[in-house]
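Between the sequences and the hints, there should be enough to build the whole structure, so can you do that?
Listed in order, the protein sequences are those of chains A and B.
Count the first sequence with this note's numbering and you get residues 1 to 335, in order.
Count the second sequence with this note's numbering and you get residues 1 to 286, in order.
These aren't lab readings, by the way, just hints derived from the structure by calculation.
Remember, it's a predicted structure, so these values are computed and weren't measured experimentally.
Be a bit skeptical, because a hint or two may be false.
Counterexamples of contact, computed for chain B against chain A with all Cβ distances above 12 Å [claimed, not checked]: (1) Pro11; (2) Thr13; (3) Ala39; (4) Thr44; (5) Gly65; (6) Pro74; (7) Lys184; (8) Pro187; (9) Arg198; (10) Asp199; (11) Ile201; (12) Ala211; (13) Val229; (14) His258; (15) Pro264.
Label-pair distances were calculated between CB atoms; the ranges are [stated by the list, open to error]: (16) A/Ser282 with B/Val57: 40 to 48 Å; (17) A/Gln46 with B/Pro70: 53 to 61 Å; (18) A/Gly239 with B/Lys2: 43 to 51 Å; (19) B/Val57 with A/Arg304: 18 to 26 Å; (20) B/Gly189 with A/His316: 40 to 48 Å; (21) A/Trp151 with B/Leu119: 45 to 53 Å; (22) B/Leu94 with A/Arg304: 21 to 29 Å; (23) B/Gly230 with A/Arg161: 27 to 35 Å; (24) A/Ala291 with B/Pro70: 46 to 54 Å.
Backbone N, C-alpha and C fix where the C-beta goes; we use that ideal spot for every residue, glycine too.
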Amino acid sequence: MNAARLLVRALAEPSSARSLRDPEWTALIAVARAEALIGSLAYRLQEEALPSNVGTIFEAARRDAEQAKRQALWEAEMARRALAPLDLPVILLKGTAYTAAGLDAGLGRSIGDLDIMVPRDRLDEVEQALLAAGWEWVKEDAYDSLYYRRWMHELPPLIHRERDRMIDVHHTILPLTAKPKPDAAGMIADSVELDGGLRVLSPPDMIVHAAAHLFADGDLAGGLRNLWDIDRMLREFGGRAGFWPELHDRASRHQLLPAVQRAARIAADFYGTPSPTGWTRSHKVDRAFRARLVARNGWGQATRPALRLGFYVRSHLLRMPLPMLARHLWIKARR
Amino acid sequence: MKHEHRLKVGPVTFRVGSQWAAPVRQLAELYRDYPAADAVCDFTVRLEAEKPWRRWVRPSVAIRGDYMLPDAVPMALEHGLLAAEMGMNLQMALGYRRHLLLHASTVERDGRALLMTGLSGSGKSTLAALLGEAGWRLMGDEFALLDLDTGTLHPFPRAVSLKNQSVYVMEERAGPNRLGPWLKGTPKGAIRHFRPSRDAIERMSEPAAPALILFPRYGRDLEAAVRPVGPAEVFVRLTQASTNYVALGERAFDALTHLVTTVPALAIDYPSTEAALAQVEELWAK
Numbered sequence: 001m002n003a004a005r006l007l008v009r010a011l012a013e014p015s016s017a018r019s020l021r022d023p024e025w026t027a028l029i030a031v032a033r034a035e036a037l038i039g040s041l042a043y044r045l046q047e048e049a050l051p052s053n054v055g056t057i058f059e060a061a062r063r064d065a066e067q068a069k070r071q072a073l074w075e076a077e078m079a080r081r082a083l084a085p086l087d088l089p090v091i092l093l094k095g096t097a098y099t100a101a102g103l104d105a106g107l108g109r110s111i112g113d114l115d116i117m118v119p120r121d122r123l124d125e126v127e128q129a130l131l132a133a134g135w136e137w138v139k140e141d142a143y144d145s146l147y148y149r150r151w152m153h154e155l156p157p158l159i160h161r162e163r164d165r166m167i168d169v170h171h172t173i174l175p176l177t178a179k180p181k182p183d184a185a186g187m188i189a190d191s192v193e194l195d196g197g198l199r200v201l202s203p204p205d206m207i208v209h210a211a212a213h214l215f216a217d218g219d220l221a222g223g224l225r226n227l228w229d230i231d232r233m234l235r236e237f238g239g240r241a242g243f244w245p246e247l248h249d250r251a252s253r254h255q256l257l258p259a260v261q262r263a264a265r266i267a268a269d270f271y272g273t274p275s276p277t278g279w280t281r282s283h284k285v286d287r288a289f290r291a292r293l294v295a296r297n298g299w300g301q302a303t304r305p306a307l308r309l310g311f312y313v314r315s316h317l318l319r320m321p322l323p324m325l326a327r328h329l330w331i332k333a334r335r
Numbered sequence: 001m002k003h004e005h006r007l008k009v010g011p012v013t014f015r016v017g018s019q020w021a022a023p024v025r026q027l028a029e030l031y032r033d034y035p036a037a038d039a040v041c042d043f044t045v046r047l048e049a050e051k052p053w054r055r056w057v058r059p060s061v062a063i064r065g066d067y068m069l070p071d072a073v074p075m076a077l078e079h080g081l082l083a084a085e086m087g088m089n090l091q092m093a094l095g096y097r098r099h100l101l102l103h104a105s106t107v108e109r110d111g112r113a114l115l116m117t118g119l120s121g122s123g124k125s126t127l128a129a130l131l132g133e134a135g136w137r138l139m140g141d142e143f144a145l146l147d148l149d150t151g152t153l154h155p156f157p158r159a160v161s162l163k164n165q166s167v168y169v170m171e172e173r174a175g176p177n178r179l180g181p182w183l184k185g186t187p188k189g190a191i192r193h194f195r196p197s198r199d200a201i202e203r204m205s206e207p208a209a210p211a212l213i214l215f216p217r218y219g220r221d222l223e224a225a226v227r228p229v230g231p232a233e234v235f236v237r238l239t240q241a242s243t244n245y246v247a248l249g250e251r252a253f254d255a256l257t258h259l260v261t262t263v264p265a266l267a268i269d270y271p272s273t274e275a276a277l278a279q280v281e282e283l284w285a286k
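Structure below.
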């Protein structure tokens, strides 16, 4: 079995790990690290009888995840304090949001940058407040800065000069040049306040964002982890009365129903994620997405270069129309 | 990958894969006295072509694996053994969490350990290798592993990377069979790897309690000198010498506090290896 498939199976059915032979364990650990899923896997297999060395590796991974969580929540708190005087909604996104909200998706999850969303018309104030509180630009280049400000869904990345942690400030969830136009104001209006004053997106919007990030933006790098987030959330929220129709409505409103349905289909296929009838009707193009998601071998190496390149090109075409892309690449290449 | 070698050093097992035969062959030869690796490896190291065609045309070895540095400079194929060593170091520095990892060398006698740490070029590697041939057990020259629960040090007796003059010193003491191939013109100069003694390898699962911390400093023009170093300064220096102190959080703080408040520390200046050996023996006897 392909090593990434081993990982998918171990996450979906922890008991399947019992039959693994030693070389398969080594491969599973390498691929889980490469896909940033080692912490999630370590929690998922916590109750299983494991070879002793594997138990030690997973224990370290859980401790690491615990520490990453502490750091991520602290970083969120630092941003909250910096932005508190502005009296605006600060919405946590992605890993920090799952962790802060205590969701299953946050368990063992790797967390890199802090991602937040704020209302677009307050972006300048947010930027000034963060700069005053010790964050600095990572890229000083004028074209990059202009590019972000004119076309992107976020400010150019900022890094804190003392804590060395990055923050991405979003005002919507997709680049402005992408075809779908999500209703960012609606997302902010529906967001949910946590203890302490920070906010997270509503459950359906959280899933819409995760699906948009996975299938309507980017080249599917790290896709297995994003799909695992979606599985965890669909299981956690899916049993609530009226959840699926609401997800359908929200996804349509944000013009992201195809991405959300694709996420539900492939999550069902990979992780056995439950979904209502009608959501999982198979789709021909899914095959390429599935193959791309598991394009990694037991040494943790990326495989299927042609397929990867295809998705890389696709990611740029999703971001902007072709003439604009040509101009962008021309400017980048001349530097 | 096409070529593979697994090895166990102290509590850690590595799987090293390579697109080329030579680095793995040299690695297996250098570590020939080491026990077989556990069946499930802690870390994977990959030596692979930086770009597909660089496997054959002017071969260039990129150091990759479970943990990687994004801007690591690839190495020439004739330095492939060094690349494998650096790949293993990288996994330890970025991914190891079982013990507090200190960039330090350790030797042991009578069940008690001497920890030596200092800047690169302080001579701690050579000193540890020399002591390892002079009645001490070499526990490691690169990383010392401090147990977070018991406060003991665990051996990690990797091959010692020796530079320039140190190579001849060790060849004279231990003979040519303990040395790996010359790697000339590497980013670190001309180097050869030195395999620890059989005793050091056989006892690589045997921890020892730390008894003395030394901060050696080498300089041809220095007078031999000894100064005490206070616990606060030792603490700060050791946090700087650790790659996982922050990641381990409070447990690392507690273990390090225990270490610096219970083990004496001295800074020594030495003008020659003979002087250093004499200083160590004298301080140890006190």
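Structure-based check of each hint:
| no. | hint | result |
| --- | --- | --- |
| 1 | Pro11 | violated, 9 Å |
| 2 | Thr13 | violated, 7 Å |
| 3 | Ala39 | violated, 3 Å |
| 4 | Thr44 | violated, 5 Å |
| 5 | Gly65 | violated, 7 Å |
| 6 | Pro74 | holds, 16 Å |
| 7 | Lys184 | holds, 30 Å |
| 8 | Pro187 | holds, 25 Å |
| 9 | Arg198 | holds, 25 Å |
| 10 | Asp199 | holds, 25 Å |
| 11 | Ile201 | holds, 20 Å |
| 12 | Ala211 | holds, 28 Å |
| 13 | Val229 | holds, 27 Å |
| 14 | His258 | holds, 19 Å |
| 15 | Pro264 | holds, 31 Å |
| 16 | A/Ser282 with B/Val57: 40 to 48 Å | holds, 45 Å |
| 17 | A/Gln46 with B/Pro70: 53 to 61 Å | violated, 31 Å |
| 18 | A/Gly239 with B/Lys2: 43 to 51 Å | holds, 49 Å |
| 19 | B/Val57 with A/Arg304: 18 to 26 Å | holds, 24 Å |
| 20 | B/Gly189 with A/His316: 40 to 48 Å | holds, 44 Å |
| 21 | A/Trp151 with B/Leu119: 45 to 53 Å | holds, 47 Å |
| 22 | B/Leu94 with A/Arg304: 21 to 29 Å | holds, 27 Å |
| 23 | B/Gly230 with A/Arg161: 27 to 35 Å | holds, 30 Å |
| 24 | A/Ala291 with B/Pro70: 46 to 54 Å | violated, 26 Å |
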